[in-house]
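Heads up: the protein sequence lines correspond to chains A and B, in order.
Under the working numbering, residues -2 to 114 are what the first sequence spells out, in order.
Under the working numbering, residues 618 to 728 are what the second sequence spells out, in order.
None of these hints come from the bench; they were simulated from the model.
Quick reminder that beta carbons are idealized off the backbone N, C-alpha and C, glycines included.
Check each hint, because a few of them may be wrong.
Calculated cross-link-like contacts (lysine-lysine; reagent style PhoX-like; alpha-carbon spacing at most 25 Å) [said to hold, decoys possible]:
| # | chain 1 | residue 1 | chain 2 | residue 2 |
| --- | --- | --- | --- | --- |
| 1 | A | 17 | B | 658 |
| 2 | A | 11 | A | 52 |
| 3 | A | 17 | B | 684 |
| 4 | A | 52 | A | 63 |
| 5 | B | 620 | B | 684 |
| 6 | B | 654 | B | 684 |
| 7 | B | 620 | B | 658 |
| 8 | B | 654 | A | 38 |
| 9 | A | 11 | A | 63 |
| 10 | B | 654 | B | 620 |
| 11 | B | 657 | B | 685 |
| 12 | A | 61 | B | 673 |
| 13 | A | 38 | B | 684 |
| 14 | B | 685 | A | 38 |
| 15 | A | 61 | A | 17 |
| 16 | A | 11 | B | 658 |
| 17 | B | 657 | B | 684 |
| 18 | B | 658 | B | 685 |
| 19 | A | 11 | A | 61 |
| 20 | A | 38 | B | 673 |
| 21 | B | 684 | B | 673 |
| 22 | B | 658 | B | 684 |
| 23 | B | 685 | B | 620 |
| 24 | A | 63 | A | 38 |
Some chain B residues well away from chain A (every beta-carbon gap over 10 Å; in silico) [said to hold, decoys possible]:
| # | residue |
| --- | --- |
| 25 | 644 |
| 26 | 651 |
| 27 | 658 |
| 28 | 698 |
| 29 | 700 |
| 30 | 705 |
| 31 | 716 |
| 32 | 717 |
| 33 | 719 |
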Amino acid sequence: GAVVSQHPSRVICKSGTSVKIECRSLDFQATTMFWYRQFPKQSLMLMATSNEGSKATYEQGVEKDKFLINHASLTLSTLTVTSAHPEDSSFYICSARDGTGRYSPLHFGNGTRLTVT
Amino acid sequence: EDKVVQSPLSLVVHEGDTVTLNCSYEVTNFRSLLWYKQEKKAPTFLFMLTSSGIEKKSGRLSSILDKKELFSILNITATQTGDSAIYLCASNTGTASKLTFGTGTRLQVTL
């Protein structure tokens, strides 16, 4: 089945530093990838849609200058949390659609747990 | 604003019981409804439903969609401790597979 790989799985950083998270589709090409954030005991919230070769589309309330998204190839999207603060500590998950059809299901990476101290 | 509501929020059952998880949705440009199981890390895909009344089945899990009443159920029969997880329901709307998730149902299966 479709595999989405996310790296790193866990990162601890100091306040004010930047952290980059990678999301790769291993056995399929993904023109579109999605970044979600999940706080403890809450559901997944879509942050942004990453489009290969163009600018990402951000959801309302998500700062695009803080959460930089780059989708440079059909198999890789990156999310950079810039100038991280403790309130950015969360579980970040990427997903990609396997297939070109509109009804193809999304597959998720294993997530990155970010802790900002 | 698109909304997906799941119930119950949490559930504790004994191994062998049958459970039914509920998901209702109120969204624009509905395309499909998806169920995911989330254990410690990222969600794993269970079902995608696009048509009303057609049950999808995988082992002890099954799911069905009612597009008229805007809800879906996920059934798990003969539950096992390995079924303990958060079950997420999501509605796929609009273009580019945007998913709106419910808050999930936390299922705990005890011996």
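Hints versus structure:
1. 17(A) x 658(B): With a Cα-Cα distance of about 19 Å, the restraint between residue 17(A) and residue 658(B) holds, given a limit of 25 Å.
2. 11(A) x 52(A): violated (28 Å)
3. 17(A) x 684(B): Violated: residue 17(A) and residue 684(B) sit about 40 Å apart, past 25 Å.
4. 52(A) x 63(A): Holds. Residue 52(A) to residue 63(A) sits at ~14 Å (cutoff 25 Å).
5. 620(B) x 684(B): holds (15 Å)
6. 654(B) x 684(B): Holds, at roughly 22 Å.
7. 620(B) x 658(B): Satisfied, since the Cα-Cα distance of roughly 24 Å is no more than 25 Å.
8. 654(B) x 38(A): The hint holds at about 14 Å.
9. 11(A) x 63(A): holds (16 Å)
10. 654(B) x 620(B): Within the cut-off at roughly 19 Å; holds.
11. 657(B) x 685(B): violated (34 Å)
12. 61(A) x 673(B): Distance ~39 Å between residue 61(A) and residue 673(B) Cα, so the pair is violated.
13. 38(A) x 684(B): Given that 25 Å is the threshold and the Cα spacing comes to 28 Å, the pair is violated.
14. 685(B) x 38(A): Answer violated: residue 685(B) to residue 38(A) is near 30 Å, above 25 Å.
15. 61(A) x 17(A): Status holds; Cα separation ~14 Å.
16. 11(A) x 658(B): Holds: residue 11(A) and residue 658(B) sit about 23 Å apart, inside 25 Å.
17. 657(B) x 684(B): violated (31 Å)
18. 658(B) x 685(B): violated (34 Å)
19. 11(A) x 61(A): holds (21 Å)
20. 38(A) x 673(B): Roughly 28 Å between the alpha carbons, so the hint for residue 38(A) and residue 673(B) is violated.
21. 684(B) x 673(B): holds (15 Å)
22. 658(B) x 684(B): violated (30 Å)
23. 685(B) x 620(B): holds (16 Å)
24. 63(A) x 38(A): holds (24 Å)
25. 644: At roughly 13 Å from the nearest Cβ of chain A, residue 644(B) sits farther out than 10 Å, so the non-interface label holds.
26. 651: violated (6 Å)
27. 658: violated (5 Å)
28. 698: The assertion about residue 698(B) holds, with a minimum of 21 Å to chain A.
29. 700: Holds, because the least Cβ-Cβ distance between residue 700(B) and chain A comes to about 19 Å, which exceeds 10 Å.
30. 705: Not fine: 7 Å to the nearest Cβ puts residue 705(B) too close to chain A.
31. 716: Residue 716(B) not clear of chain A: closest Cβ-Cβ about 6 Å, inside 10 Å.
32. 717: At roughly 8 Å from the nearest Cβ of chain A, residue 717(B) sits no farther out than 10 Å, so the non-interface label is violated.
33. 719: Non-interface label fails for residue 719(B): nearest chain A Cβ at 6 Å, not farther than 10 Å.
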